[in-house]
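Q: Quick note, the sequences are listed as chains F and R, same order. Position one of the first sequence corresponds to residue 8 (our numbering), numbered consecutively onward. Position one of the second sequence corresponds to residue 19 (our numbering), numbered consecutively onward.
Treat the hints as calculated values from the structure; they're not laboratory data. We put the beta carbon where it would ideally sit given N, CA and C, even for glycine. Worth double-checking, as some hints may not be accurate.
From the structure, some residues in chain R lie toward chain F, with a derived Cβ separation under 7 Å [as the list claims (entries may be wrong)]:
no., residue
1, Cys32
2, Gly33
3, Val38
4, Gly52
5, Pro77
Now the in silico label distances, taken between C-beta atoms and shown as ranges [what the hints assert, rightly or not]:
no., chain 1, residue 1, chain 2, residue 2, range
6, F, Glu310, R, Glu43, 36 to 42 Å
7, F, Ser23, R, Gly85, 42 to 48 Å
8, R, Leu56, F, His143, 48 to 54 Å
9, F, Ala31, R, Glu43, 44 to 50 Å
10, F, Asp174, R, Gln64, 34 to 40 Å
11, F, Ala131, R, Gln64, 30 to 36 Å
12, F, Ala202, R, Gln64, 32 to 38 Å
13, F, Pro318, R, Ala29, 26 to 32 Å
14, R, Leu56, F, Glu307, 33 to 39 Å
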Amino acid sequence: MAANQQDEPLRYPLPSPGPLTPPAEWPELRQKCPVAPVTLPSGDRATLLTRYADVRLALSDPRLSREGLARPDAARITASESGSVFDSPMARALNAEGHERWRRMVGRWFTAKRMRALIPKIEATADRLVDDMVAHGQPADLVPWLAFPLPVFVICDMLGVPERDRDDFKRWSDAFLSISKYPTDEVRSAQTRFAEYMSGLIEEKRRDPQDDLISELLAATDAEGRPMSDLALAATGQALLLAGHETTAGFITSMTATLLADRTRWERLLNDPSLIRSAVEEVLRHEPHGGFGMLRYVHEDTEVPSGAMLPGGTTVVCSMAAANRDADAFEDAEDMDLGRSPNAHLTFGVGPHSCLGQPLARTEMQTVLGVLLRRLPTLEHAVDPAGLRRLEGQLTTPLVELPVRW
Amino acid sequence: MSAVEVTVDEAKCCGAGQCVLIAPEVFDQRDEDGIVVLLAAQPAEQWHPAVREAASVCPAAAIRLTGGS
Ligand code: HEM
Ligand code: SF4
Chain F
8 MAANQQDEPL
18 RYPLPSPGPL
28 TPPAEWPELR
38 QKCPVAPVTL
48 PSGDRATLLT
58 RYADVRLALS
68 DPRLSREGLA
78 RPDAARITAS
88 ESGSVFDSPM
98 ARALNAEGHE
108 RWRRMVGRWF
118 TAKRMRALIP
128 KIEATADRLV
138 DDMVAHGQPA
148 DLVPWLAFPL
158 PVFVICDMLG
168 VPERDRDDFK
178 RWSDAFLSIS
188 KYPTDEVRSA
198 QTRFAEYMSG
208 LIEEKRRDPQ
218 DDLISELLAA
228 TDAEGRPMSD
238 LALAATGQAL
248 LLAGHETTAG
258 FITSMTATLL
268 ADRTRWERLL
278 NDPSLIRSAV
288 EEVLRHEPHG
298 GFGMLRYVHE
308 DTEVPSGAML
318 PGGTTVVCSM
328 AAANRDADAF
338 EDAEDMDLGR
348 SPNAHLTFGV
358 GPHSCLGQPL
368 ARTEMQTVLG
378 VLLRRLPTLE
388 HAVDPAGLRR
398 LEGQLTTPLV
408 ELPVRW
Chain R
19 MSAVEVTVDE
29 AKCCGAGQCV
39 LIAPEVFDQR
49 DEDGIVVLLA
59 AQPAEQWHPA
69 VREAASVCPA
79 AAIRLTGGS
């Protein structure tokens, strides 16, 4: 398609035909134009990758980088780029710490062992949120009752934010995410209050260390024996909220919507909860609105597996969601198979920059799904799922609401 | 059935812990930084499917298998 549209490239993001269906262009792009010229909302040109092997290479090959996106010739997503999560003053504070170093220091908090230890707490939080939703009565919107608060509360637990301060935390995180919804001075005041709160919290943990990430980072030093600066500690707290709140909330919502949209899926999980782990991976793979995709800047000419050459200086958009439905990588790629294994989807990226929080996101999704199946086996959509609305015009496009009954 | 030899590349590993969740008998993670630790370089045959799955989903492609079918 794009071949005869050289002068009029596709506009990206592509329009979506429905809340749970992928853009109609994907199959043709993957087959006929896996390296497609596109125009971003800013008007800048970029190159869209939709094949599994190409996306995998672009995300992990050192000839391409995320850092390169700061160069003046790199494409911008929007003209008034306020900076994506990974390209903000906060991200720069963390990069100043050294990405590798930061990742290793924070990564120790995301081991499989740590995650297993977190499960009872996540489960108790989810149970409490479900209690409140049930007390409110049906129908209820799963987004504000469960999907949105849960990931913030989990991050609070990780950072060691006391329970009494969680609601403040949630308000600030909402404001950070709603850059377009809230007036800028409100976002700025949330930033200030968050920064003040974090420095207080850091002082408190320094006096009275507990079993949490901040205390641990205060006590820890990197391989060269340097501790993390207070500024980087506060930025770490904000980074985890920004990277781990809306993403996980969106996936808890669309996981529930997708599994309920075909009752046989829900029934299968009720009959065999051992499928929860693979079902979560399949939801992550199958999600058609996982987001905009990740951008990379091409530093030197790079040939991708589909055969095309990416010239140095190109900005590529890696559509992990399109790659996740590539028939060359997955059998019956369009179908949802709750038992699919192995399932090397690209939803968390790949390589040295791949999602640091993926073990936590997986643990949260698995735990919430288990709680919903146990507590509300009769859960169902309260409205026609085809009529659900997505938040458009954002980097992530979560469902705005998910009315359910039980 | 031939033996399967597992190797891990610590420099590539990004500590995602997928391998530990899938094959805890074969992989662990260092407490200090979450980097993979190989517990069994020649795992018993019953773990081969799990090891293969871990290798294929490791986001850093840090797990290599040699031998086996
Ligand atoms: C389902 C939920 C989530 C999805 C789909 C997701 C997806 C992603 C993706 C695609 C990247 C970028 C990979 C790249 O640039 O190649 C990323 C990075 C990151 N994510 Fe997640 N994420 C989720 C949840 C979380 C959670 C819960 C946390 C932590 C609390 C988190 C923390 C991070 C961090 C810190 C990075 C930057 C890693 C780095 O630069 O080394 N994410 N995530
Ligand atoms: S799955 Fe790969 S990246 Fe993750 S801990 Fe294991 S070896 Fe490291």
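Q: Take the hints in turn and mark each one as holding or not.
A: Hint by hint, here is what the structure shows:
no.	hint	in the structure
1	Cys32	holds, 6 Å
2	Gly33	holds, 4 Å
3	Val38	holds, 4 Å
4	Gly52	holds, 4 Å
5	Pro77	holds, 4 Å
6	Glu310/F to Glu43/R: 36 to 42 Å	holds, 40 Å
7	Ser23/F to Gly85/R: 42 to 48 Å	holds, 46 Å
8	Leu56/R to His143/F: 48 to 54 Å	holds, 50 Å
9	Ala31/F to Glu43/R: 44 to 50 Å	holds, 45 Å
10	Asp174/F to Gln64/R: 34 to 40 Å	violated, 48 Å
11	Ala131/F to Gln64/R: 30 to 36 Å	holds, 34 Å
12	Ala202/F to Gln64/R: 32 to 38 Å	violated, 52 Å
13	Pro318/F to Ala29/R: 26 to 32 Å	holds, 30 Å
14	Leu56/R to Glu307/F: 33 to 39 Å	holds, 34 Å
Checked against the numbered hints listed earlier, the structure breaks hints 10 and 12; every other hint is satisfied.
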